[in-house]
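Student: These protein sequence lines map, in sequence, to chains A and B.
First residue of the first sequence: 1, per this note's numbering; consecutive thereafter.
First residue of the second sequence: 1001, per this note's numbering; consecutive thereafter.
Don't read these hints as lab results, they were simulated from the structure.
The beta carbon of each residue, even a glycine, is placed where N, CA and C say it ideally should be.
It cannot be assumed that every hint is accurate.
To be verified - Taking lysine-lysine and the PhoX-like style, the derived pairs with C-alpha atoms no more than 20 Å apart in a straight line are:
1) K60(A) - K1251(B)
2) K1251(B) - K41(A)
3) K77(A) - K2(A)
4) K77(A) - K9(A)
5) K60(A) - K19(A)
6) K132(A) - K77(A)
As the list claims (entries may be wrong) - Over the 12 Å line for every Cβ pair with chain A, so calculated as not near, a few chain B residues:
7) G1012
8) N1091
9) S1168
10) T1220
11) D1224
12) L1260
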Amino acid sequence: MKVSKYEFKDKSTADAKIKALGVATDEDGNEYPTHSHSIVKLGHIVLEQPELDEDGEIIKEAVLSENYHLDVAWNEKEITTIEEEAILDEDGMVITPEVTSIDHPYGWKSASVDLETNGVHSFFGIDYLAHKI
Amino acid sequence: MANPTLAMIPSGYKAGKVYSVLPANGDGDFTTFTRASFATRLNNAGFIETVDANIPRLDYTSGSCPVLLLEEQKINNLTDSEDFNNWTKLNITAATNTTMSPSGDASADTITRNSTAASYVNKTFTKEEEDSLEMTLSVFVKKNVGDFFAMRAQGTYPNRVDSLFQFSTETFTSSESGNNFSFISASFKKYANDWYRLNVSFETDEAATLTTLFSPRSLTGQVDSTDSASDSSVFIWGAQCENDNSTSYIKTTTSAQTRLKDVCKDGGNSVLFNGNYQSDLLNPLRLRSTYFENLQGTTDILNSFLCDGVLSYGSTMFVDLQKSFKDRTIGRISISDSSTSNAVVISKKTNNSQFYLFITRANGDIVAEITTDVDYDVRNKIAISWEVDSFKFYVNGFLVHTVTSGETPIDLNAFAFNGSNESLFNFFGEINQVHYYNSSLQNLEIEKLTSYSSFEKMAESQLCNVE
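So that you can see chain B by itself, here it is in the shape it has in the complex:
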């Protein structure tokens, strides 16, 4: 199989730049990476660390192979996310900085309740609008005394969602109360040193404010139920409440904090994407160019043949990505001429269940297109190959669409995680790798490229356990 002309497998970066592993001379690097604010990532030591503005994030949450983490703007509405002594407390004590947190320093607190019915810490904030919103409450907890941890998100009492996590079984029990406040989902992620990040998603009522409550427990029950022990406690750190799905942790102190969006673009250049760049296919042509040695402008001649269709060489774009969170925007990954005129685009639909794959040429005319269903929250491997009169779209090992007529886009000059190397339609998700080949790979090659390397990998990607 041909080597990629450009391969970005997240591994090297510096402020404002993401390196590609191919080509080795740096022509394929993504030379623009911006995020105006700080952000956090899980580093290769397994700790959550804060990174400065404009530093790309290679995140190791999914395992030993990092992903390029691209996230949208998000606000953590909960102030004092690591200092529960500053939360409102009822029949509960909060000892600060008692143990090592998921960030690797002694910043986690211990909250200890008594057996009284209502024993909890709580915090109230204003929602961005008095409307029903999908939100996620998350917090890092580690078992201490007692096997349970109770969480509540509450609008106008009694409208609320209660979730109870049991450490020993790693299971959630959730319930709704009141009206117009509904449970969506509950999940957890394990971190180093027996830490869990618990996530509870819900749809709020139309109250102006949202109150969040936490309580450790030795018995099943809710935050306001009596407990059998008078010293149930838990280690706690990193509370967060945000719109839509849970995203990377955003530390707060006395004020709510917003992490700004990641933008990554300007990958490659016009030479790399227009066929005369050390192509395996073109090497024979270069050899044959000796036949033209008596003619001036050999490259021009070859290019004229290519433009006239006497010769043709194709291209293939491949992306391997995952979205572990939904967003409400269109998100695109493209190779374009830095405009919408000529572009090869993988576009996430706002319904978060489909991708729209399309190719434009000339003044943005659609040459080929297909809308395809995908499973979110899993890895998706998508490839598009194009050459004159042959456009093929592959998703997860399957050829999903073919178009047999049309001219190819021209003057491509940039790989970008947005619509057309500008600032619109930024893609948010986790990037495992992207490739560009300046040849249209054969069907079997692309099927292999977009398939799983083993049955186990396929099962893992679909969140199945192989026993």
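For reference, chain A alone in the conformation it holds in the complex:
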């Protein structure tokens, strides 16, 4: 599994990228993903908490990110490209293993964000820094 963080200019752009990963329609007429990646919509993340008065009314608004954020746990198999096929001998034993590469799906790389920490969100028990692309 690989974990990546993305920011898009707005929600509709993010939704379009998600839809391009593959969707189908179920028997109830609802769309469902046909890929096995795990996507978390974080939205316009809170950069600064709001300030409330004694009634709970906001006296200073929260500061939100201008961009729309996603975290994705990619299924590694589905984003792996075989660059060179394995070379086998006559008995089917591997002489030279295949060469593979892992990269963001088409159109996602430009929106990726590279952090030095886990950021505002992580997958439970999974260290982003150890799993990022």
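Got chain A sorted already, so can you dock chain B onto it with the hints?
Tutor: Positioned in the frame of chain A, the structure of chain B alone reads:
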């Protein structure tokens, strides 16, 4: 009554695998279990514990008999779920790690307010979209000073829901304020050592953010009401706010955390599901096979008779499940040929109030089907039996549908908690047990199997008290 050919009663597991109790040789085990993230469960000692990735969860929330807990992906939006000193505080103090928490370690905090009108801890997060969403706020609390605990979920002020829990009566009082922010339900679950998990579900307004507030109280009132005492306090741990219903606890620290979905499949194999596997029914046939001893390929002959309908033996699938949470997806439990071509399927509809039961054969043609209403949040026992020209569907002790013509699915090879042993339509809920019989049980047998073992059990399953 015949013994099941496959019986998975949650009891044994290891990383990536759930064991079936029958058959004893392991042929019925579910050999694929995945969940890429950590998750939590209530263990048999009554404590909430974190389990590593790909470890199946046998959860004891419902009592001494564990269930296999299968949950969808969920995010806990509240950071510092166990550290209330890191929440924004107004006229309240938070002492950290003061008492034993539901996880069995000294990680619960004490929050103590004064009598000032507004005394609370609060935390704000961004919703996944600026839209009206069904969400649930939950927190573990234990009574200390004062008999009440106030909770609030708030969008654009004054749009909010307030709920007040009274420990001594175990009752909630809830109210709505403002516009477009509505109360759905409030409930609690008791845990060991007098801990309660309080759950308040609501539909938000379209604000980008949601603010959650907590306050202990000695008087009735809301988080921003004056209190009679200047030292009302409560032990508190494990705050969580998530979309839709409350699910298992997800611990957070400095960042929101997502628990990934559970996937369980690859139960059994092609030998087990295709009739020639130590069947009580087939044993006589095996004995009679001595008549064919001068012929080669006895098994082929028997199979040809079966395919031609000269002989037939049926099968029965039984599931005993509960959904204590709604989800927005179709969730299926199936025995299939690892495709949609041949399959026996129990499918939860997205409306969370019906199951669609169906059997496919050949190229996915529907042989028999029925959509049936069910009560959610209770145990449901569902059985499907099939043999040539006889397909029967049972729900909670009742035969709900019969089809009297059609061929049976072939080449079945996997029991799975998804649509066709692939990765789509995963079922999320609590599994009490699943069985497969390589005979079509008699009506009375299935009615007994899918009924309750006593009047008390029936009442309990329907959340009724017997006095």
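Student: Going through the earlier hints one by one, which of them does the structure break, listed in rising order?
Tutor: Those not satisfied are hints 1, 4, 5, 8, 11 and 12.
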